[in-house]
Amino acid sequence: MTGGQAKGEKRVWEWIRKAKSAPPDAKAEIWVLYDAAVLSVMEVFKRVDELVECALPEAAYAIAAEIGVAVAEAVLTGALRSSGEDGSISLGKLTDEIASLFQPWFFLQLMDRLEVRSKMWYAKAEHEGEGK
Amino acid sequence: MSAGRSNGSQKPQNEKEKGAVATESERFREWIEKPQNPPPELKSKLWELYDGAELGLKETLKRMDELVGHALDDDIYAIVAEIGMAAAEATLPFAHRFSREDGSVEMSRFLEKVADMFSSWAFEALAIRLKLWALMQLAERLGVVGP
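As they're listed, the protein sequences go chains X and A. Residue numbering for the first sequence is 1 to 132, as defined by the numbering used here. Residue numbering for the second sequence is 133 to 279, as defined by the numbering used here.
One thing to keep in mind: the hints can contain errors.
What the hints assert, rightly or not - Label-pair ranges, simulated between beta-carbon atoms:
no., chain 1, residue 1, chain 2, residue 2, range
1, X, T95, A, D248, 16 to 24 Å
2, A, N169, X, E9, 43 to 51 Å
3, X, M111, A, K175, 34 to 42 Å
Unchecked claim - The calculated DSS-like cross-link candidates involving lysine-lysine, where the alpha carbons are at most 30 Å apart (straight line), are:
no., chain 1, residue 1, chain 2, residue 2
4, X, K93, A, K177
5, X, K93, X, K10
6, A, K175, X, K93
7, A, K245, A, K175
8, A, K245, X, K93
9, X, K46, X, K18
10, X, K46, X, K93
11, X, K27, A, K177
12, X, K27, X, K46
Please keep in mind that the hints were generated in silico from the structure rather than gathered at the bench. Small disclaimer: the values here were computed from a predicted structure and weren't measured. All C-beta atoms, glycine included, are put in the ideal place defined by N, C-alpha and C.
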């Protein structure tokens, strides 16, 4: 293990320990926030599909939201692992960490999805900029 | 898929299977096509909803870490939320693929497919915070650690 990796591990453990030993009122608030985030993601995907009249049973959205929030948390751990002592992140290392979470076929699909979305956002931002 | 299975006794079953696959594909295509071609006013609403959820997830994770005095850069939470939302969205096509004509979802096939998305170690590690806290509560109950 290199010095950089050891420091990254230390930051992960610190992050875990702090959350574990949070004061009870902060802990309760964290649970409320977490549950609200899952519920919000679930309701949004359900609403999106309802708008185009192609909704699934509620349980499918609940599972999708749980997976999404859990993946976000797992990526956060990767970010801590890839962070320097000054809190900066090595994006190359972070991307490697994210890629290692997934099977290669799915990672490519995920990247395609993100690329399409970011392209659409750029187009939307440009369009809004032109309108001003 | 093995060849030479088209004997008379298996034909009805194969046709039934083909019919089920066609139905799944149809439902899947329909789901993809519908959001691609909604009326313009609906499309902007879809974007607003999606952006709202992503911002909510980003701010929530950031707030959770701030509460324990361990927040990272803002950009990191944006990346994390983006990946999380994309992963959630990417599981839905599988739900559609394994949905039946009555709209119900074949959960075991759906969950198998979700598990396939991840490296096996990562699938085990999902819901990291939840698992750690559950372990901590168990440890407290057992008196291994305590406040």
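Verification of the supplied hints:
Checked against the given bound of 16 to 24 Å, the beta carbons of T95(X) and D248(A), roughly 22 Å apart, stay inside it. At roughly 48 Å, the beta-carbon separation of N169(A) and E9(X) lies within the given 43 to 51 Å, and the hint holds. In this structure the supplied range 34 to 42 Å is violated for M111(X) paired with K175(A), their Cβ-Cβ distance being about 23 Å. Proposed proximity of K93(X) and K177(A) is contradicted: the alpha carbons are some 35 Å apart, above 30 Å.
The hinted pair formed by K93(X) and K10(X) meets the criterion: a straight-line CA distance of about 16 Å does not exceed 30 Å. With a CA separation close to 35 Å, the supplied pair K175(A) and K93(X) exceeds the 30 Å bound. Using a Cα cut-off of 30 Å, the hinted pair K245(A) and K175(A) holds, with the two alpha carbons roughly 29 Å apart. The hinted pair formed by K245(A) and K93(X) meets the criterion: a straight-line CA distance of about 27 Å does not exceed 30 Å.
In summary, the hint linking K46(X) to K18(X) is not supported, as the alpha carbons are separated by about 34 Å, beyond the 30 Å threshold. Taking the CA atoms of K46(X) and K93(X), the gap is about 34 Å. The hint is violated against a cut of 30 Å. Between K27(X) and K177(A), the direct Cα distance comes to roughly 34 Å. Violation of the 30 Å bound is thereby established for this hinted pair. Proximity of K27(X) to K46(X) is assessed by CA-CA distance (about 29 Å); at most 30 Å being required, the pair is judged to hold.
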